[in-house]
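Undergrad: Sequence:
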Amino acid sequence: MENVLEVVQQVLRTTPVRWLGLTQSLSPDVLKHSPASGEWSAHECLQHLVDTERSVFPVRIRAFLAGQDFPAFDPDSQGTKPEASLAPVELAAEFARLREQSLELLQTLNETDLPRQARHSELGLVSLSEMIHEWAGHDLMHTVQGEQALMQPFIEGCGAWQKYFSKHIVDTK
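Under my numbering, read the sequence shown as residues 17 to 189, first letter to last.
Don't read these hints as lab results, they were simulated from the structure. Computed from a prediction, not measured in an experiment: that's the story for all the values here. Backbone N, C-alpha and C fix where the C-beta goes; we use that ideal spot for every residue, glycine too. Take the hints with a grain of salt, since some may be wrong.
Unchecked claim - Each pair of labels, with its calculated beta carbon distance range:
(1) Leu139 x Ile185: 30 to 36 Å
(2) Ser143 x Gln178: 39 to 45 Å
(3) Gly175 x Gly153: 20 to 26 Å
(4) Glu22 x Arg113: 21 to 27 Å
(5) Gln84 x Gly37: 32 to 38 Å
(6) Gln133 x Gln178: 43 to 49 Å
(7) Val23 x Glu106: 27 to 33 Å
Could you build all of it, start to finish, from the sequences and the hints given here?
TA: Dropping the structure here:
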């Protein structure tokens with residue numbers, strides 16, 4: 017991919033906007049509805065993105081730049097439990113605020129930084145280029161996951177049209 021830093025920043029700019037739109041438009045009850053047992057609600061997906069914005073991706077960029085290794089992140093033990101004090105729209109605003117800081121950090125990078133390597137405690141040697149690709153993919157994946165959670169009540173209620181949503185039904189098994 018050409019201009020990977022630019023493209024990653026473009027992706028990372030879009031997701032907070034999408035989350036702000038969802039949280040400003042939908043009720044907290046809709047956002048907090050779990051699509052199936054053991055599956056994250058849209059609110060939990062957003063919380064996970066906030067958690068990784070606080071303690072994963074910017075921290076890893078700084079580790080790469082300092083020549084330091086870094087640990088894995090376990091979302092089941094280190095995130096997804098929404099902060100009780102924040103409404104979904106406030107959480108989305110916090111995500112947008114944190115993301116602006118991350119984008120400022122990304123703007124300090126250049127193409128010559130991308131080959132830098134560090135050791136991930138589970139994956140082994142990884143490059144900064146690979147990590148920023150993962151960041152953009154992670155952002156999109158959990159945004160889609162949140163939107164898929166929001167789809168479930170509509171899919172369940174659409175009767176005969178449900179067959180058109182087969183690829184989007186969250187497995188309840």
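Undergrad: Determine for every hint whether it applies to the structure shown.
TA: These are the hints, each one checked on the structure:
no.: 1; hint: Leu139 x Ile185: 30 to 36 Å; verdict: 31 Å, holds
no.: 2; hint: Ser143 x Gln178: 39 to 45 Å; verdict: 43 Å, holds
no.: 3; hint: Gly175 x Gly153: 20 to 26 Å; verdict: 34 Å, violated
no.: 4; hint: Glu22 x Arg113: 21 to 27 Å; verdict: 22 Å, holds
no.: 5; hint: Gln84 x Gly37: 32 to 38 Å; verdict: 37 Å, holds
no.: 6; hint: Gln133 x Gln178: 43 to 49 Å; verdict: 47 Å, holds
no.: 7; hint: Val23 x Glu106: 27 to 33 Å; verdict: 30 Å, holds
Checked against the numbered hints given earlier, this structure breaks only hint 3.
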